[in-house]
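S.K.: Using the sequences and the accompanying hints, generate a full structural model.
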Amino acid sequence: MVLLTIMVGGSTQLSAQTKSKQAPVAKTKAVSAAVLANGKKVYTKYCLACHMADGGGVQNMNPPLIKTSYVLGNATKLIKVILNGMSEGVEIDGETYTNIMPPHGFLTDQEVADVLTYVRSSFGNKAPAIKVAEVKAARTAKK
Amino acid sequence: MKRKFLWPALLLSGAFLTLYAFKSISVLPTPDPDNAGLVLPQGFGALKVAETGAKPRHIVVTPQGTIYVKLARVKDNKGIMVLQENKDGKAQVTGGFGDYPGTGIYRKDGYLYTSSNTEVFRYKLNDKNEVIDPTKPEKIVTGLKMGRQHETKSLVLDNDGNVYVNIGVNSNSCQEQDRGLRSAGIPGCPLLDSMAGIWQFKKDKLNQSYGQGIRYASGLRNVVGLDWNQQNNQLFVMQHGRDNLNSSWPELYNEKESAELPAECLYALKKGDNAGWPFMYYDGVQNKKIVAPEYGGDKKKEADAKYLDPAVAFPAHTAPNGLLFYTGNMFPEKYKNGAFIAFHGSWNRAPEPQKGFFVVFQPFKDGKPVGKWEIFADNFAGSPEKAASGRVDHRPCGLAQGPDGSLYVTDDSKGTIYRIVYNKK
Chain A
128 MVLLTIMVGG STQLSAQTKS KQAPVAKTKA VSAAVLANGK KVYTKYCLAC
178 HMADGGGVQN MNPPLIKTSY VLGNATKLIK VILNGMSEGV EIDGETYTNI
228 MPPHGFLTDQ EVADVLTYVR SSFGNKAPAI KVAEVKAART AKK
Chain B
380 MKRKFLWPAL LLSGAFLTLY AFKSISVLPT PDPDNAGLVL PQGFGALKVA
430 ETGAKPRHIV VTPQGTIYVK LARVKDNKGI MVLQENKDGK AQVTGGFGDY
480 PGTGIYRKDG YLYTSSNTEV FRYKLNDKNE VIDPTKPEKI VTGLKMGRQH
530 ETKSLVLDND GNVYVNIGVN SNSCQEQDRG LRSAGIPGCP LLDSMAGIWQ
580 FKKDKLNQSY GQGIRYASGL RNVVGLDWNQ QNNQLFVMQH GRDNLNSSWP
630 ELYNEKESAE LPAECLYALK KGDNAGWPFM YYDGVQNKKI VAPEYGGDKK
680 KEADAKYLDP AVAFPAHTAP NGLLFYTGNM FPEKYKNGAF IAFHGSWNRA
730 PEPQKGFFVV FQPFKDGKPV GKWEIFADNF AGSPEKAASG RVDHRPCGLA
780 QGPDGSLYVT DDSKGTIYRI VYNKK
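First to last, the protein sequences are chains A and B.
Residue numbering for the first sequence follows the numbering used here, beginning at 128 and increasing consecutively.
Residue numbering for the second sequence follows the numbering used here, beginning at 380 and increasing consecutively.
Hints were generated in silico from the structure; no laboratory data involved.
Fair warning: this is a prediction, and the values are worked out from it, not measured in the lab.
Among the clues, some could well be false.
[As the list claims (entries may be wrong)] For lysine-lysine, the following BS3-like pairs were computed, each having C-alpha atoms within a straight-line distance of at most 30 Å:
1. Lys765(B) to Lys172(A)
2. Lys678(B) to Lys167(A)
3. Lys207(A) to Lys263(A)
4. Lys194(A) to Lys793(B)
5. Lys168(A) to Lys635(B)
6. Lys172(A) to Lys204(A)
7. Lys172(A) to Lys263(A)
8. Lys503(B) to Lys635(B)
9. Lys168(A) to Lys253(A)
10. Lys667(B) to Lys172(A)
[To be verified] Covered stretches of chain B, going by a simulated chain A footprint (3 or more residues, C-beta under 8 Å):
11. 559 to 566
12. 618 to 626
13. 722 to 729
Idealized CB from N, CA, C, for every residue including glycine.
M.R.: Have a look at this one:
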């Protein structure tokens, strides 16, 4: 729990200025190759069609995953986007995106953690890994 | 003595000839040295008319050369940009009006018709095709539904006092969970009652809405490019076909099939036509109408024959945003009365290479498509690699014909306005 608080605190700082150089707090622990490989597998199967191979999304339609406040920010909020999808109008760093993201609650806690960890360590992102326990907690918490 | 007398005369006549030549050339602007980066058929050239710094969608060029552009997003509180061309073909912004974003704009019989994403307006024009009072348009249609996706309202007029408005549907394929994994179609798709079609309204009645309009054609997911064919007096529309065949139905469609299905279709519409969305899609590989997986399809089962067949099928996901029947005299004879189509370019082909980002020409004869379409203007993307990745420089959107028969193309990504001319003698 303490760890989670620290992480959230750290990433909030990051999200405040997404375009700036990496904040010094983002000293991420090395993520295991197995986690990244599984994360990439999940990404390729369920995310790539809309968010693209380079994580750049599609202008006006599907948000990019490159250094945005959503991706680098609050872990629980990000996990909930995966689990519940996103259907309300969303503005991300000054741009708007129209397509609905369907819920991906069918993914296991491990798959959600791995794909988010992959996203947070790819496409130029450097944000802390997402733990399975965090996904579990977000899933059982009130939507 | 004789010589001295001759020289000024020669100089004079030389100057006269030069002036005369200059005058006849000045009607046609000089294309940019690189043809504005476009790849064109031989004899054609292109120039960048303007860099608008905005998101220009559909476009009108008046007989006097005034350019009206509808903007996807308001710029400096203006949703319609006005530009005037210099003699060299370059234009500058001279004004703007209308505080709403949108796509549709069309000029007909002394009025300029424009749309927001929920309403249609018209502005009276003077005899120079200038808007008389930009602050007081007539609101002829109001209260149209608008979702987060497919929200734009393209429009065109016929010769009998009607305006046709696209109402795109805020759904991909009417699934219970939009774009969801293995999510079934909602039985009967109730969205069809007020979206996914072309509605017909009177051009001169105020404040019309669904109650006063006619659902002219149904089963069209989203139309952006549309035009009225004057040869056979008929409405033609380009549908944006459905997405996500693989991501929603991975057991039925692999990534490659999903990238190539369904076709982007040109439809010739008559009142009461139904193009079949969401119950079917058009498979441009088999050339068949196929039942959608959301409604019991298995990739092979053919749909009810009652649904409209396309007039022409184009590559999947390439996003046709502009349609124009060419009636000008500048281009060679084969282009006369044929269709130009601006393809905005794909995204839902990933991980396969993206496609589109070009203007296509489809020959027509007597109001019917004949022969194979061809790419007319290419390389809006900037390079084949940029096109394949989808990280492109420009995206063609709106089309207009200039008074001399030039073809204008907007780009709603970087905001460039192009003009394509034919300069071969």
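S.K.: Compare the structure with each hint and give your call.
M.R.: Do the hints match the structure? See the list:
no.	hint	result
1	Lys765(B) to Lys172(A)	holds, 23 Å
2	Lys678(B) to Lys167(A)	holds, 29 Å
3	Lys207(A) to Lys263(A)	holds, 11 Å
4	Lys194(A) to Lys793(B)	holds, 22 Å
5	Lys168(A) to Lys635(B)	holds, 18 Å
6	Lys172(A) to Lys204(A)	holds, 22 Å
7	Lys172(A) to Lys263(A)	holds, 22 Å
8	Lys503(B) to Lys635(B)	violated, 50 Å
9	Lys168(A) to Lys253(A)	holds, 19 Å
10	Lys667(B) to Lys172(A)	holds, 28 Å
11	559 to 566	holds (count 3)
12	618 to 626	holds (count 3)
13	722 to 729	holds (count 3)
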